[in-house]
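Colleague: Each chain is listed here by its residues.
Protein chains: 2
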Amino acid sequence: MKDRDTRLHEAITGIHRNIPTYDPVCADDMALIEDHVDIVLQEVGVEFRGDPDAVSLWKNAGADVRGECVRFDKGMLRSIVQSTTPKSFTQHARNPARSVSIGGNGVVFAPAYGAPFVRDEERGRRYGTIEDFENFVKLACVSPWLHHSGGTVCEPVDLPVNKRHLDMVYAHLRHSDKPFMGSVTSAERAEDSIAMARMVFGAEFVDRNCVIMGNINVNSPLTYDAAMSGALRAYARANQCPVVVPFVLAGATGPVSSAGALILSLAEALAGVALGQLERPGSPAIFGNFLTTTTLRTGAPTFGMPEPFVSSLAAGQFARSLGVPLRCSGGFTSSKVPDAQAAHETTMSFLTAVLSGANFVLHTAGWLESALVMSYEKFVQDLDAAGSMHTLLAGLDLSANGFALDALREVAPGTHFFGCAHTLENYRTAFYEPEVADTDAFEIWLENGERTASERATRRWKEMLAAHSVASLDPAVDEELHAFMEKRKEELPDLWH
Amino acid sequence: MKDRDTRLHEAITGIHRNIPTYDPVCADDMALIEDHVDIVLQEVGVEFRGDPDAVSLWKNAGADVRGECVRFDKGMLRSIVQSTTPKSFTQHARNPARSVSIGGNGVVFAPAYGAPFVRDEERGRRYGTIEDFENFVKLACVSPWLHHSGGTVCEPVDLPVNKRHLDMVYAHLRHSDKPFMGSVTSAERAEDSIAMARMVFGAEFVDRNCVIMGNINVNSPLTYDAAMSGALRAYARANQCPVVVPFVLAGATGPVSSAGALILSLAEALAGVALGQLERPGSPAIFGNFLTTTTLRTGAPTFGMPEPFVSSLAAGQFARSLGVPLRCSGGFTSSKVPDAQAAHETTMSFLTAVLSGANFVLHTAGWLESALVMSYEKFVQDLDAAGSMHTLLAGLDLSANGFALDALREVAPGTHFFGCAHTLENYRTAFYEPEVADTDAFEIWLENGERTASERATRRWKEMLAAHSVASLDPAVDEELHAFMEKRKEELPDLWH
Chain D
1 MKDRDTRLHE
11 AITGIHRNIP
21 TYDPVCADDM
31 ALIEDHVDIV
41 LQEVGVEFRG
51 DPDAVSLWKN
61 AGADVRGECV
71 RFDKGMLRSI
81 VQSTTPKSFT
91 QHARNPARSV
101 SIGGNGVVFA
111 PAYGAPFVRD
121 EERGRRYGTI
131 EDFENFVKLA
141 CVSPWLHHSG
151 GTVCEPVDLP
161 VNKRHLDMVY
171 AHLRHSDKPF
181 MGSVTSAERA
191 EDSIAMARMV
201 FGAEFVDRNC
211 VIMGNINVNS
221 PLTYDAAMSG
231 ALRAYARANQ
241 CPVVVPFVLA
251 GATGPVSSAG
261 ALILSLAEAL
271 AGVALGQLER
281 PGSPAIFGNF
291 LTTTTLRTGA
301 PTFGMPEPFV
311 SSLAAGQFAR
321 SLGVPLRCSG
331 GFTSSKVPDA
341 QAAHETTMSF
351 LTAVLSGANF
361 VLHTAGWLES
371 ALVMSYEKFV
381 QDLDAAGSMH
391 TLLAGLDLSA
401 NGFALDALRE
411 VAPGTHFFGC
421 AHTLENYRTA
431 FYEPEVADTD
441 AFEIWLENGE
451 RTASERATRR
461 WKEMLAAHSV
471 ASLDPAVDEE
481 LHAFMEKRKE
491 ELPDLWH
Chain A
498 MKDRDTRLHE
508 AITGIHRNIP
518 TYDPVCADDM
528 ALIEDHVDIV
538 LQEVGVEFRG
548 DPDAVSLWKN
558 AGADVRGECV
568 RFDKGMLRSI
578 VQSTTPKSFT
588 QHARNPARSV
598 SIGGNGVVFA
608 PAYGAPFVRD
618 EERGRRYGTI
628 EDFENFVKLA
638 CVSPWLHHSG
648 GTVCEPVDLP
658 VNKRHLDMVY
668 AHLRHSDKPF
678 MGSVTSAERA
688 EDSIAMARMV
698 FGAEFVDRNC
708 VIMGNINVNS
718 PLTYDAAMSG
728 ALRAYARANQ
738 CPVVVPFVLA
748 GATGPVSSAG
758 ALILSLAEAL
768 AGVALGQLER
778 PGSPAIFGNF
788 LTTTTLRTGA
798 PTFGMPEPFV
808 SSLAAGQFAR
818 SLGVPLRCSG
828 GFTSSKVPDA
838 QAAHETTMSF
848 LTAVLSGANF
858 VLHTAGWLES
868 ALVMSYEKFV
878 QDLDAAGSMH
888 TLLAGLDLSA
898 NGFALDALRE
908 VAPGTHFFGC
918 AHTLENYRTA
928 FYEPEVADTD
938 AFEIWLENGE
948 RTASERATRR
958 WKEMLAAHSV
968 ASLDPAVDEE
978 LHAFMEKRKE
988 ELPDLWH
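The listed protein sequences correspond, in order, to chains D and A. In terms of the working numbering, the first sequence has 268 at position 268, counting the first letter as 1, and numbering is strictly consecutive. Heads up: take any position in the second sequence, counting from 1, add 497, and you land on the working numbering.
Warning: the hint list may mix true and false statements.
[As the list claims (entries may be wrong)] Interface residues of chain A toward chain D, partial, derived using beta-carbon atoms under 7 Å: (1) I509; (2) I516; (3) F698; (4) T720; (5) A723; (6) T799; (7) F806; (8) S831; (9) H841; (10) L848; (11) L889; (12) G899; (13) T920; (14) L921.
Keep in mind the hints are simulated off the structure, nothing from the lab. For each residue, glycine too, the CB sits at the ideal point set by N, CA and C.
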């Protein structure tokens, strides 16, 4: 029973998954799925729009190129991906104690990504600002249950759209010592992000090691626009990690049926990871998915629904057959507030991600309203779930102490284990203790003001924000970063759309 | 997209699980676990207090009996259980279309059990009454996602404690046509429950078929009191189904470590199921568990925590190795209100139950506050989750229609699937649609009053209650039931504790 405040700032650098993944699809069915992936790649192909360099790479690799549409022989992409993609790699943090291992049995949790709005119980829903952005970086920094600072933790809408990537990357570097993600909205912004990472880690180190990731969303179905393929290649060229994420909403950007959505997602992810390997063989990559559904009445996306459950697990099986690290999503919900709906949908998607063997779980904390909102209260509620997964993934302790035969011999039938020697020896570390959940008796809860989880969460995120502190950047590096940002901001006009 | 009200009353008689169970424990470790179960049974044994008939059965079976403590040779209980317990059986409902199959790949959901309090958003928390009891029976009756009427859906505290079982059994028979559970608080009350079932189903039919279950809670650790073993034997003797449920709260009624809690639970469940087989070989039984944790600071139980995750899955593996049906629990939470904490903890335990291969999931809907409260709003929120599990357990459709190759060929890269032929052919049944969850856009949610899930739930349970109707009992049977209840109520004094 650690004190909640001494637990903040603990350096937990990912989880070693100690239980097997859940693989519900048999080998024959996995082969059938891959046959269909191959048919899509061979007959329909993938378009790379406005990126002639990408098309050239495909031509040189022997793909069937017609204009911007690229088709692939059976097995070609698997072969490219398997031959050079690292099975695992380290993403280095500026604090080496925070570096994380991506791949194998490693599991890394990162906060939610991409919301233009933020929400808290006191101020309600509003556009995100750079101050909110920094707050979420700080919250992720102090939590022991997030191993990664994430990327666009919210959109700082108060900054020009073509310059805000500089401030976002700086915020990760300045206010956190955990690994992070850079910009992907254009190749140029990806280059800027990598340039800033080079100032902190050194150019040579960066050329040999992963220090930054970029989350590449495919323009599903079967399209990479120049921004995405350009950013993907920029990360790969610099030996940094593109996280390739087909954006498949069944019924909208993908087929309405789960198997159809799955084969589309696998085809697109294969193409993206393979493109990174053509750009720079051996560069790190993560094979991602974002399998979800829609309300066909309104066209609105839905999250945490049952349909993507088995298909996400199958995507995990596929990634392991390739031998590449896997990304899934943790905190999915379409709920507008951090209520029971939000928690149910989040737990459904989070458990799916964790059981699918995801090595990198994005959207672990904060997500609300189909990614439109980053919520302060949801953030700390989700941290309870993230902490819980640490214990769940540790599996069953089958040591003599775990079996507790002595306790079973000591405690008389019909009595209790509260005071037995085994309990006294183990009680401090026996159970995971969530921070926001209230396990007190009704009467105590009543005395404490009858607060719901989200009401209790407000106090918690404020405590955490107040507890934030992190080692400063080297002053010379900080100066270099500022000079670069100023120069870039001068070079670029202010764009707001 | 079925209309929410036409969906009520659908006869869905359980789920056929179409995905494999999640079995994270390897064969060697399962053997190690069973070795430890055998040590507990051999060295410590199980006490049967105040039930000399039970002790006689054990003596005759060759167990090592010393007073009320019974010890078992290695493998003895497995052998008894395996030799005669049915692998699966049908529990008949008074409406044959509602009968359920228990065992194999069947999955049956039943509401929560045992709360002395009820809660709704308008009237708050209060003692349960027979009116509340009837309401929950009606809600379970009309929901397509519950296949079973449950047992003590709440305690009708307004009725004498020694007579209320008569009114509870009558309420299940009168207000529902789904299968149900009878009293277990004494052998006599179990007999009364079975006697009433005989009036509805006929004595001969009942002797050959299961029409009623009794939920037998073990007085963990390692003790059956006379009420529990007496009720267990009463059900078995009548060829009805005892659900044997060790009540293992790690740190309180069991060891603080998960493996220790697990072996205790397995040992107790083996003893209970075996006792039923000694009482009447071949009678149906369910092998249950209730593995949870405690807050050691206060001694309060905690639910939906990560520790019982793998141990519950291992209990499923063990039950399948015995070849007996399995019971787990769905809706665990210690939260006082149907908030985010409640939903997270519920979803954790519900998914665990479902993935462990549970054939009978108790506590699927309504549970709050560590089983002290049955909540109207939580009940309908939980039905959303129960409905979702129907789709999840159906698995992936790998037919040609599931793979949707034609849609992938038809829809141009970068466009969308909203209007394609495959979507138009499938949209009506493509996705599970929850009732309480709100997937609308923010602006519509705002217009609709910014309601949380639990606020929306109030309207839903009232709609459902208003929609309740069920075929009447045969008037002659109804008269017989009333005459029996009156006679029993006259014979017994009113007891309130």
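Colleague: Please write out, lowest number first, the hints stated earlier that are contradicted by the structure.
Modeller: Violated hints: 1, 3, 5, 14; rest satisfied.
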